[in-house]
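Q: Going by numbering that gives the first Met the number 0, the sequence shown runs without a break in its numbering and finishes at 162.
Because the hints were derived from the structure by calculation, they are not lab data. Each hint should be verified, as a subset may be incorrect.
Straight-line alpha carbon distances no greater than 25 Å define the calculated SDA-like cross-link-like pairs of lysine to any residue that follow [stated by the list, open to error]:
id: 1; residue 1: 59; residue 2: 21
id: 2; residue 1: 56; residue 2: 97
id: 3; residue 1: 59; residue 2: 101
id: 4; residue 1: 119; residue 2: 5
id: 5; residue 1: 10; residue 2: 119
id: 6; residue 1: 56; residue 2: 0
id: 7; residue 1: 56; residue 2: 2
Quick caveat, the model's predicted, so the values are computed rather than measured.
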Amino acid sequence: MKKFNEWNEVKKETEVTNKYPLFKEREIYNTKLGENIGFEQSGKGDEFVRPVLVIKKLTKEMFFGVPLSTTPREGSFFYGFEFIAGKHSTALLVQTRLFSSRRLLNKIGMINKDDFKNLKENLNNLMFDGDFTSPSKSASRPEGNCNSDYTTNKINNASSDNE
0 MKKFNEWNEV KKETEVTNKY PLFKEREIYN TKLGENIGFE QSGKGDEFVR PVLVIKKLTK
60 EMFFGVPLST TPREGSFFYG FEFIAGKHST ALLVQTRLFS SRRLLNKIGM INKDDFKNLK
120 ENLNNLMFDG DFTSPSKSAS RPEGNCNSDY TTNKINNASS DNE
């Protein structure tokens, strides 16, 4: 059962805070991710927290980040690495989005430079080069391969525009 009412209370408290933690790219923070819809990654516990990697700091108030999971997953939607020795993390690249820095709680680590470079290359390929490979069956996620629907819709929309 989703806890939307509980998350709404935490969200209201988070909204009124005037704390903007100092943060930078490559850092990993426990972040108030919230209770989300469908297959969007939600946080856990009373504060709806999940680790998030800071991909790009835009201002002191905003950044692009990617939620992390400890569940190993394969495919172009994911990137596996370790920021704590012996503990696997998976960056859920397909869930990259804009965050308010008000959601940040505490720094828990930092991704190494080589992994960060590789992660950003994978993210760039996923988001901008159209290289969508389906996640493995072990990932048990419904995102699937977007190419056929996207291409069909693009062709249909182009035909409509030319009429």
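Q: So, for every hint listed, does it hold in this structure?
A: The hints, checked one at a time:
Restraint check: the Cα-Cα separation between residue 59 and residue 21 comes to about 7 Å, which is no more than 25 Å; the hinted pair holds. Restraint check for residue 56 and residue 97: satisfied, since their Cα atoms lie roughly 10 Å apart, inside the 25 Å limit. Among the hinted pairs, residue 59 with residue 101 is consistent with the structure: their alpha-carbon atoms are about 10 Å apart, no more than 25 Å. About 34 Å separates the Cα atoms of residue 119 and residue 5, which puts this hinted pair outside 25 Å; it is violated.
Distance hint between residue 10 and residue 119 is unfulfilled; the C-alpha atoms sit about 29 Å from each other, more than 25 Å. Under the criterion of a C-alpha separation no larger than 25 Å, the hint pairing residue 56 with residue 0 is inconsistent with the structure, at around 34 Å. Annotation: proposed proximity of residue 56 to residue 2 is violated, straight-line Cα distance about 30 Å (limit 25 Å).
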